[in-house]
Structure formats: structure tokens, C-alpha cells
Amino acid sequence: MTERTDALIAELARGLPKVERLPELRRVAAIVVGVGLGLAAINSVAGVFVKEHFPKPDFGAVDEWTLLAHALLAGGALAFALGACVPGREPLARGGAWTIALALVVLAGVGMARIGAWPGVASVEATWLERTIGCSLSCLLPGIVPAVLLTRFTARAAPRRAALVLGVGAVASLALLSAPGVIGCEYPDQLHHALSHSFVPLLGGLVMWAALLPLYLMLRPAPAA
Amino acid sequence: MPLVGGGASERERAWGALMAAAQDGDAAAYETLLREIAPALRVFVRARLREPVASEDVVQNVLLSLHRARHTYQPPRPFGPWLRAIARNAAADALRARTRRAERETALVDVERIADESEPSRADAPLSARMARALAELPPAHREAVELIHVRELSVAEAAAQAGVSVSALKVRAHRGYKALRKLLAGGERND
Chain P
1 MTERTDALIA ELARGLPKVE RLPELRRVAA IVVGVGLGLA AINSVAGVFV KEHFPKPDFG
61 AVDEWTLLAH ALLAGGALAF ALGACVPGRE PLARGGAWTI ALALVVLAGV GMARIGAWPG
121 VASVEATWLE RTIGCSLSCL LPGIVPAVLL TRFTARAAPR RAALVLGVGA VASLALLSAP
181 GVIGCEYPDQ LHHALSHSFV PLLGGLVMWA ALLPLYLMLR PAPAA
Chain E
1 MPLVGGGASE RERAWGALMA AAQDGDAAAY ETLLREIAPA LRVFVRARLR EPVASEDVVQ
61 NVLLSLHRAR HTYQPPRPFG PWLRAIARNA AADALRARTR RAERETALVD VERIADESEP
121 SRADAPLSAR MARALAELPP AHREAVELIH VRELSVAEAA AQAGVSVSAL KVRAHRGYKA
181 LRKLLAGGER ND
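Sequences listed follow chains P and E, in order.
The letter at position 170 of the first sequence is residue 170 when you use this note's numbering, and the numbering goes up by one with no holes.
The letter at position 137 of the second sequence is residue 137 when you use this note's numbering, and the numbering goes up by one with no holes.
Simulated from the structure, these hints should not be mistaken for laboratory data.
Quick caveat: nothing in here was measured; it's all calculated off a predicted structure.
There may be inaccurate statements among the hints.
[Unchecked claim] Taking beta-carbon pairs under 7 Å as the criterion, some of the chain E residues facing chain P (in silico):
1. A21
2. D24
3. A27
4. E56
5. Q60
6. P81
7. W82
8. A85
9. I86
For glycine and all other residues, C-beta sits at the position ideal for the given N, C-alpha and C.
Next up, chain P with everything else stripped away, as it sits in the complex (with noise of 0.2 Å):
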């Protein structure tokens, strides 16, 4: 062993404190689960009470497709970022990346599928956007708690992509909360369902993404020596 090197290892023992180990993935990933669950079902209640009833239009199976895309893209996405969190959790990280280009596929043809029967600009109603932004913050909102959870152990665990990391965990929050809106949503515009409902998670996410990275950097901790 060289004496550089010898030396070191003396400096980085002498003194060393006890850590706060990270919590087990699974517990982590129990919580934000369990929390993003809560969440949904209180959302699809309130929505019960608070939104304005339409008939329910026939949008054939895209809803159906749009709730697997988005289990899909919830279960990848949050074994992506727990993954990507630890060392030698690089398997459980590149089945999260599998799922998500597998989400990302069923999403596509959502999509294809909502504006290929969208009538035109025509449809368009005056409180469109109003109901379009109503609809997308009834997901976001919420979202935010397990989006936060997921950033602060992300904090903790420092990973070398942490930009990334945050952004995919933004997307796993909004995908565990988007289900009452895709059901419940009696709004009769396919543009509107595929902007605020279908793509919210990702779309969401970006936005979200740009908020929880000032979070990340003030919640991570001061390089140690």
C-alpha cells in the first residue's frame, strides 16, 4: 500500500461519526405508494362533491389503456428513482427504465388514439382552458407530497444523476395520482382528457421537476469530507 494512500485511510477513520443509515428501498417505496394511494382516493371523493357533472362520454378503451400506461409508468418510474438512489441497485433501476420505455409506448398510442378522434379546434369550448388547468392541478397538487417525499430521500442519498433522479420521481407522484382523474373526468374533449389526464403525469412532471430541484439543493447535505 503506498503511504499516500496508507495515510488516508488513517485521516478518513480517525474521528468517524455515526451515520443515519438510508431507510430500506422498500420501505421508502411503502410509503410513497401507500401516501400517493391515500391521496387519489381522497382526490376521487372530493371530486364527487366539487366538480361539475357531464354525461360520461364513450371514449371506448383509451381510459382503460390510459390507467395501464400510467401503473406502468408509476411502478418504473418509482423503481428508477429508488434504484438509481444506491450503489448496486443498478438492476432495480434499469427495470424501472424498461417499464417507463414500456409506459412511454402505451402512452404514444393513447395519445395517437385521443387526437386522431379530437373533432378540431371547433370543439373547443370558452372554459376550456379554465377546466383543462382545473383538472391538471387536481393532480398536481397533491402530487406534490409524495413528489417531496421522494426528493428528500433523494436528498439523503445524493446519486450521481440527481437531476434525473428528481425528474422520474416527479413523474412516479404525479402517475400514482392521475387514476381518479382518468376515471372520474366527465369533461367530452379528447384534447382536454389527453392533456390533463393522460399526459399529466409527464407533463406535470416537468413542471414539478423545475420546482423540486431548488428543494433538492437546499434539503441535500453539505459534502462531507
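Put chain E on the given structure of chain P with help from the hints.
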């Protein structure tokens, strides 16, 4: 390439136990662990870099990375994959840094060669005149850096002190000056 050979699982289990103790603040266990894994890390890193001198620096970087990431080890999960991931990342970072450095150094050597060829002491008056013209066209800060190092032949530290800037700032100015000189001289050659 595996970090450890035969009897790996037994040894990795022991290392995992040492790391778990280190997480609880056991300095002796930590020192034992680092001393035991250092030779295996050295073999792993040398196989990747094929450069013994730089390898030792990378081994030290791996040890530092391991130290910073020690809270991410989750006993009783296997220690080997965790250590390998950290070593692989540190070696990859070192390779990337080496490639970047090599690119920068090649550029500097090229310009220095141009500068040497055009030294006033040589009987190469047209090139010296061109060099003087090119130097005059540089921004004042870059020209000063190049002149201090190549005309007055000061060391980088002396030149930095003379210019009243930090060593790294002077290096940056000189590097930019060399780059601009190379462009100007190459343009001049085409015009001639």
C-alpha cells in the same frame, strides 16, 4: 471484472459486517475494512485505467467516494455490488477527466510548438514579424499572459504575481491567448 476472487461471498459478508459497524461509528472496523479492500480496489482500477501512477489517485478517489456514500450501504444486502458500483463510477469519472485533460494538453502543446518556432532569436524574421502582429491583435489580458510566459519566460506563478491575478486565472488567459494565436497564425499562413 470481479473485485474479489475465490471465497468472495465469505469475504464480502465480513466486509459488509465491518461496514455496518463503521456506520455505527466504529473507527477501527472502518480502518480494517478500508485496508482490506484497498488492494482489491487497486487491481480493479488498474485493470480499467492501465496506468499505475494515475491508478493510485483513482483508488484514493474511490475510498473518498465510499466514505461519502457510506450511509447508502444497507446491511444485510451484499457488500460487493455496492462497492463495485462505487469503484466503477469513480473509475469512469477518472477516465472522463483524463480524456478531457489530454484534449486540453494536446491543444497547448500545439500552440507552444507554434510559439517556439517563431521565437525572435531564430533566423526566421518573417514568422517573428507575423507572431508580433498576431500578438498585437490579442486582447490585452491574453497578450500579457502569453508574453510573460513565452517572451519573458517567467514561471506561471511568477507571471501570475506580475499580472496581479491568481495562477488559475493566468492559465486560463494564457490558454485563451494560445488558442487565439493559433487561429491568427493559421489564418496568416493561408493568406500568405
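A quick look at each hint next to the structure:
At about 10 Å, the closest approach between the beta carbon of A21 (chain E) and any beta carbon in chain P exceeds 7 Å, and the interface hint on this residue is violated. Restraint check, D24 (chain E) versus chain P: the minimum CB separation of about 6 Å is within 7 Å; hint holds. Because the smallest distance between the Cβ of A27 (chain E) and any Cβ of chain P comes to about 4 Å, under 7 Å, the interface hint for this residue holds. Interface restraint check for E56 (chain E): the shortest CB-CB distance to chain P comes to about 5 Å, inside 7 Å, so the restraint holds.
Hint on Q60 (chain E) holds. Least Cβ distance to chain P is approximately 5 Å, under the 7 Å limit. The beta carbon of P81 (chain E) comes within 4 Å of a beta carbon in chain P, closer than 7 Å, and the hint placing it at the interface holds. The closest approach between the C-beta of W82 (chain E) and any C-beta of chain P is roughly 4 Å, which is under the 7 Å cut-off, so the hint is satisfied. The beta carbon of A85 (chain E) comes within 4 Å of a beta carbon in chain P, closer than 7 Å, and the hint placing it at the interface holds.
At about 5 Å, the closest approach between the beta carbon of I86 (chain E) and any beta carbon in chain P falls short of 7 Å, and the interface hint on this residue holds.
In this structure, the one hint that does not hold is number 1.
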